[in-house]
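Undergrad: So the chains spell out like this:
Number of protein chains: 2
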Amino acid sequence: MELISQNKVFDGWHKQYQHPSEVLSCPMRFAIYLPPNAAQGERVPVLYWLSGLTCSDENFMQKAGAQRIAAQLGIAIVAPDTSPRGDDVADEDRYDLGKGAGFYVNATQAPWSTHYRMYDYIVQELPALIEANFPVSASKAISGHSMGGHGALTIALKNPGMFSSVSAFSPICNPLHCPWGQTAFSAYLGNDRELWKQHDASELMKIAHGEQTVALVDQGEADTFLAEQLKPEALQAAAQQSQYPLTLRMHSGYDHSYYFIASFIEEHLHFHAERLFA
Amino acid sequence: MELISQNKVFDGWHKQYQHPSEVLSCPMRFAIYLPPNAAQGERVPVLYWLSGLTCSDENFMQKAGAQRIAAQLGIAIVAPDTSPRGDDVADEDRYDLGKGAGFYVNATQAPWSTHYRMYDYIVQELPALIEANFPVSASKAISGHSMGGHGALTIALKNPGMFSSVSAFSPICNPLHCPWGQTAFSAYLGNDRELWKQHDASELMKIAHGEQTVALVDQGEADTFLAEQLKPEALQAAAQQSQYPLTLRMHSGYDHSYYFIASFIEEHLHFHAERLFA
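Chains as they are written, first to last, in the numbering used here: chain A, 1 to 278; chain B, 1 to 278.
No lab work stands behind these hints: they were computed from the structure.
For clarity, every value in this text was computed on a predicted model and none was experimentally measured.
Take these hints with a grain of salt, some might be off.
[Claimed, not checked] Result set (DSBU-like, lysine-lysine): computed pairs, CA atoms no more than 30 Å apart in a straight line:
no.	chain 1	residue 1	chain 2	residue 2
1	A	63	B	99
2	A	63	B	63
3	B	158	A	63
4	B	158	A	15
5	A	63	A	206
6	A	99	B	197
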């Protein structure tokens with residue numbers, strides 16, 4: 001694991017690392033924010049943040065303004081990249097498939113299946129790496145934006161008990177029924193719709209009758225992707241079906257940008273802190 | 001004036017505009033953040049933010065996290081671009097001269113003198129445009145980073161009474177004696193060192209015996225540009241000479257990035273608010 005950069009932020013440290021990923025068969029970069037108390041020997045809980053299409057480990061760390069609250073609360077934040085990277089990694093000349101668009105699934109189809117295993121990377125390899133190398137506890141929460149909101153919700157739903165809470169901004173709630181989801185799933189997963197359902201937050205929430213991870217979702221009403229791509233109404237309907245502890249909040253005037261995330265990230269961090277420190 | 005984009009942020013609005021600049025003889029873009037109370041008919045004071053080398057109107061708005069506090073305090077923020085722009089604007093293939101590096105002076109030398117008049121743009125054209133088109137009062141403060149910290153300090157020092165307060169992060173305090181300043185001033189202003197002194201914060205502060213604009217400067221001790229380019233010790237010495245109301249704070253571990261600005265912008269906004277609302 002190689003330290004790429006570090007910056008002091010709100011008395012804690014933002015650090016970028018590169019490491020060889022076994023799961024993805026390529027070098028991967030991630031960012032971690034360590035709050036001030038982590039430097040004083042305390043083991044702090046971790047919020048994993050999954051970013052959206054075209055993003056890297058940098059967008060959230062630079063634009064969300066989360067470090068201020070993470071420093072106050074004593075929470076580490078880990079922001080991985082959004083796909084495998086490198087010259088030998090399959091790609092398409094479009095923003096919603098290939099590099100920057102891993103969709104947090106394990107691809108089963110060539111040429112994607114060689115490297116595109118973001119599900120296993122986020123669920124297994126990355127947390128193990130973080131817990132082995134940083135002063136963090138095993139307490140975890142997960143959040144994300146857009147494609148990363150889809151990632152956070154589906155990963156939490158598929159792994160009950162792993163995260164004490166899950167939240168999302170503007171998530172892709174029902175990829176089975178939107179262009180982004182259909183493009184990515186048909187490429188990465190092929191034509192088996194039963195496999196698609198295992199990575200669709202609305203489908204998963206509908207049948208989530210066992211241990212349920214409490215969920216908070218914020219969605220801007222002026223988001224240009226809302227009707228065609230995001231479909232929070234499908235998630236809401238799924239939650240009603242399984243009596244899932246989902247809070248969905250619609251926000252007048254807000255769009256799909258990081259300005260929206262910055263406006264409400266403090267509430268998400270407090271939401272997670274309540275469970276992480278319970 | 002043309003609206004380029006708008007985003008709701010902390011219940012206020014971030015907007016980007018393009019307008020034809022008479023002073024700079026080119027179209028210019030700026031960003032404005034209007035706090036929630038500005039939409040309710042209140043005339044709010046304005047903080048002008050001047051950015052550093054390579055920046056546009058976007059860096060501060062995306063990375064500093066200032067809107068949260070501006071919304072609470074009821075302060076508008078205006079972030080101009082850092083130079084004239086366009087295909088017919090003189091440029092050099094380097095980051096510290098030409099586009100993105102206007103240095104907030106009026107160039108006297110060809111080929112720069114045609115467009116590079118950022119001093120007049122910031123002091124005259126932009127505030128007039130803002131006050132004619134937005135619900136703002138005449139109360140103004142000014143701040144900036146690096147080259148923009150130089151801009152904020154020199155503009156406040158040359159225009160006593162115009163701003164109720166001035167602050168800077170990591171400013172170029174003594175451009176007469178650093179490579180960035182010498183490169184820019186010799187290109188834009190020629191070899192007349194007396195003219196250079198009129199745009200050097202330390203030289204101006206040394207002789208600022210009349211009306212003095214209270215100043216706050218924050219500087220990171222891990223800033224890689226500190227010793228060679230920034231020279232806050234020259235500003236401190238100048239303040240002692242003229243009994244200038246300067247507070248210079250050195251911060252252990254912080255670097256030149258927006259992570260440093262984000263960590264202390266709240267204190268700067270409160271510093272300005274105390275005078276803007278006095």
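Undergrad: Now tell me if each hint is right for this structure.
TA: So, going through the hints one by one against the coordinates:
{"no.": "1", "hint": "A:63 - B:99", "verdict": "holds, 24 Å"}
{"no.": "2", "hint": "A:63 - B:63", "verdict": "holds, 5 Å"}
{"no.": "3", "hint": "B:158 - A:63", "verdict": "violated, 34 Å"}
{"no.": "4", "hint": "B:158 - A:15", "verdict": "violated, 40 Å"}
{"no.": "5", "hint": "A:63 - A:206", "verdict": "violated, 33 Å"}
{"no.": "6", "hint": "A:99 - B:197", "verdict": "violated, 51 Å"}
Consistency with the previously given hints fails for numbers 3, 4, 5, 6, ordered from lowest to highest.
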